[in-house]
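Peer 1: So you can see what is in the structure, the chains are spelled out below.
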Amino acid sequence: MRAPLLVPGPLPGADLLLREVHVLDPRERIDARHDVLVRRGEVAQIAAPGSLGAPEGVEEVQGHGRHLLPAFFDPHVHLRTPGQEHKEDLETGTRAAAAGGFGAVIAMPNTEPVLDSAPLLRSLRDRAAREARVPVGFMAAITCGLHGERLTEMAELREEGATGFTDDGLPVVSAGVLRRALIYQRLVGGVLTLHEEDPSLSRGGCMREGPVSAALGLAGIPSASESAMVARDLALTAHEGGRVHIQHLSCARSVRAIAAARAAGLRVSAEASPHHLLLTEEEARGLDTRMKMNPPLGSEQDRRALIAALRDGTIQCVATDHAPHAREEKEVPFEQAPMGTTGLETAFAALYSGLVLTGELSLGVLVERMTAGAELFELPVARIAPGAPANLALVDLEEEWVAGAQGWESRSDGCCFAGRRLQGRVLLTVAAGAVAYRERVFSVVAAA
Amino acid sequence: MNHLLSIEELDRGAIERVVAQAARFAEVSDREIKKVPTLRGRMVLNLFYEASTRTRSSFELAAKRLSADVVNFAASGSSVEKGESLKDTVLTLCAHKPDAIVLRTPWAGSAALVSRWCTAAIVNAGDGKHEHPTQALLDVYTLIQRLGALDGAHIWIVGDVAHSRVARSNILAFQRMGATVTVAGPPTLIPREISALGCEVRFTLEQLGEADVIYALRLQSERMTEPWLPSLREYAAHYQINRRRLHPRQLVMHPGPVNRGVELSGEVVDSPQALVAAQVEAGVVVRMAVLYELLSGTHAPLRAAPEPQLA
Numbered sequence: 000m001r002a003p004l005l006v007p008g009p010l011p012g013a014d015l016l017l018r019e020v021h022v023l024d025p026r027e028r029i030d031a032r033h034d035v036l037v038r039r040g041e042v043a044q045i046a047a048p049g050s051l052g053a054p055e056g057v058e059e060v061q062g063h064g065r066h067l068l069p070a071f072f073d074p075h076v077h078l079r080t081p082g083q084e085h086k087e088d089l090e091t092g093t094r095a096a097a098a099g100g101f102g103a104v105i106a107m108p109n110t111e112p113v114l115d116s117a118p119l120l121r122s123l124r125d126r127a128a129r130e131a132r133v134p135v136g137f138m139a140a141i142t143c144g145l146h147g148e149r150l151t152e153m154a155e156l157r158e159e160g161a162t163g164f165t166d167d168g169l170p171v172v173s174a175g176v177l178r179r180a181l182i183y184q185r186l187v188g189g190v191l192t193l194h195e196e197d198p199s200l201s202r203g204g205c206m207r208e209g210p211v212s213a214a215l216g217l218a219g220i221p222s223a224s225e226s227a228m229v230a231r232d233l234a235l236t237a238h239e240g241g242r243v244h245i246q247h248l249s250c251a252r253s254v255r256a257i258a259a260a261r262a263a264g265l266r267v268s269a270e271a272s273p274h275h276l277l278l279t280e281e282e283a284r285g286l287d288t289r290m291k292m293n294p295p296l297g298s299e300q301d302r303r304a305l306i307a308a309l310r311d312g313t314i315q316c317v318a319t320d321h322a323p324h325a326r327e328e329k330e331v332p333f334e335q336a337p338m339g340t341t342g343l344e345t346a347f348a349a350l351y352s353g354l355v356l357t358g359e360l361s362l363g364v365l366v367e368r369m370t371a372g373a374e375l376f377e378l379p380v381a382r383i384a385p386g387a388p389a390n391l392a393l394v395d396l397e398e399e400w401v402a403g404a405q406g407w408e409s410r411s412d413g414c415c416f417a418g419r420r421l422q423g424r425v426l427l428t429v430a431a432g433a434v435a436y437r438e439r440v441f442s443v444v445a446a447a
Numbered sequence: 000m001n002h003l004l005s006i007e008e009l010d011r012g013a014i015e016r017v018v019a020q021a022a023r024f025a026e027v028s029d030r031e032i033k034k035v036p037t038l039r040g041r042m043v044l045n046l047f048y049e050a051s052t053r054t055r056s057s058f059e060l061a062a063k064r065l066s067a068d069v070v071n072f073a074a075s076g077s078s079v080e081k082g083e084s085l086k087d088t089v090l091t092l093c094a095h096k097p098d099a100i101v102l103r104t105p106w107a108g109s110a111a112l113v114s115r116w117c118t119a120a121i122v123n124a125g126d127g128k129h130e131h132p133t134q135a136l137l138d139v140y141t142l143i144q145r146l147g148a149l150d151g152a153h154i155w156i157v158g159d160v161a162h163s164r165v166a167r168s169n170i171l172a173f174q175r176m177g178a179t180v181t182v183a184g185p186p187t188l189i190p191r192e193i194s195a196l197g198c199e200v201r202f203t204l205e206q207l208g209e210a211d212v213i214y215a216l217r218l219q220s221e222r223m224t225e226p227w228l229p230s231l232r233e234y235a236a237h238y239q240i241n242r243r244r245l246h247p248r249q250l251v252m253h254p255g256p257v258n259r260g261v262e263l264s265g266e267v268v269d270s271p272q273a274l275v276a277a278q279v280e281a282g283v284v285v286r287m288a289v290l291y292e293l294l295s296g297t298h299a300p301l302r303a304a305p306e307p308q309l310a
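Protein chains in written order, with numbering that gives the first Met the number 0: chain A, 0 to 447; chain B, 0 to 310.
Please keep in mind that the hints were generated in silico from the structure rather than gathered at the bench.
No false leads were mixed into what you were given.
Which chain B residues stay away from chain A? Per the calculated CB distances, all over 10 Å, these:
no. : residue
1   : THR52
2   : ARG55
3   : LEU207
4   : GLU209
5   : SER230
6   : HIS237
7   : ARG242
8   : ARG243
9   : VAL275
10  : ALA277
Where chain B lies over chain A, by a calculated footprint (3+ residues, C-beta under 8 Å):
no. : segment
11  : 204-216
12  : 321-333
The structure presented is a predicted model; accordingly, all values stated were derived computationally and were not measured.
Where a beta carbon is used, it is the ideal one built from N, C-alpha and C, also for glycine.
Between the sequences and the hints, there should be enough to build the whole structure, so can you do that?
Peer 2: Shown next as structure tokens:
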């Protein structure tokens, strides 16, 4: 029997009464005020506002003026364990997830060593069961050591609960190797998720090739580095009929290729990150290393295309590509800095401020896209319905805050939204029935 | 304290001030005793992460003529080779309380980065392929000495623009001073969207006749190992400034060191139209002017105060 794909953490099931919250769950078609009772980690009752009393031993949460959303799902995070715990670990990474309203995440395998064998996956899953605050799924590598040559023992990895396979951080450079993975997928199932980059086009580059890289004299990465690889991999998928998911889209041409492939019936899904949806290459002009990520921030035209694709569903889900690095690793000249920004703690607020409040997207669509990742990986989607496991995010849509002003739950402070004023704050996260995060409010009062 | 980080942040007035001060120092250079006591007791630290003889010695000479103490720190053979980060190297050297740090690195933005870590005045002597502001200032000075002003002049910058910090600083500086700038070179060595800096772009020298000044860039031989160009021969055939292409009224400049027979023909280098030696000479007085502006303490800053940094 195959192991479950998500490893639940050690936290106990919650007993909560959320009073008079505005419940918004687009899949359940709820968009109204209710009382919501959670017993032993399950949604027990959804009733008219003010109608429920808290049974003994049930914590009461005043939800007036606040929204209760299904907890978000992030199919693309880097938890850096094993081997790079100075950047992040299972505990800090999942704490950051919970603080961002995420009820589950999927971790990438580009660790040290690379997650490319079943024993390693088993030990990581054991560790997650002890340390993680929200359930974690683990992707395994497509190729041993991410070397792009030999396939991992995908069948055994799948039996041990790998949610899918990816060489994320690197592309599968050889078309022949990717084709073999697509063929082998018929035996093992799971999703192949693809980091699309042609190294012969991107080599040496550290920001998008364009007016900013030209002005700064930095080697640029052309958008074709991504779109050419997307086109190649869609052709392979069409030929072999596999199931692929394209990671962190960053340019308009990739979006068009995916829309066409979907129209032709290919089983391809795609994700976009908050930073590609909200920021452009202009942000890199000041050479702030927090603005250095892979793929790099694109043009305004690319950003508009990504937003349109997220709206119309060509891009089905948001993924943060939460990529923490230690401060000293980022406190270097731009060209020397590693690529990656954190994103779990700011994703919802940044997208709510930048897309919903600006009228680009409705709140309902944003919530749908921030939860839909689970479905793409054959996992149950968070729902606010009686009998469902409690996966909830309580948010205050009015509250403004400055990202990072009160520190981070993540071990890394390398967030591209740091210092920005955002609206919409996660106050409480329930993940797989357990309270995974509560906003802690400290106020310092001078002694009388 | 103020810095010289880029031409981008200088306005015309600041450039003119440096040029005027350099002209005053040029008079010192013609004396028998070429030294003034202006910066006596001040310390200038040359911190070079890239090999450089010309720029470093030019700065060294400039500081010494102003009576400043000079310390040279080269990255090779130092703690940098033991893995010390740029930040730690700078913090360590700053314990000696230098008044100015002249910094060259292979990384864009490093001068600006270092300026946030210490209180010394930072002079960017080349940050990657981004900028080389003192080169642009000495080129402006050289041209003003020769032409009186740059207003209305057509200046062509020819060659490997993609890998040239000199090109980026000069495109900006020449335009600030009222010149029209065209960049020309093989399409593989002209960055896409370089026109965002306000310059015209040409891939041939057919219109070279419109130029008053031709600024040839050094073609680095490592561009051949990566296939930026099919061959040096083909480059020279299309882009070399030689007698056939040069009109007698045009001036020729080059940041040095020149590859004779590649970007410039030998006869052009040796002709009176070439300002290469004048540029080297200008280097010292312009760098004296820069150090003087930054360290003498009686002047308005070269640039406006920066915006406060967000968290």
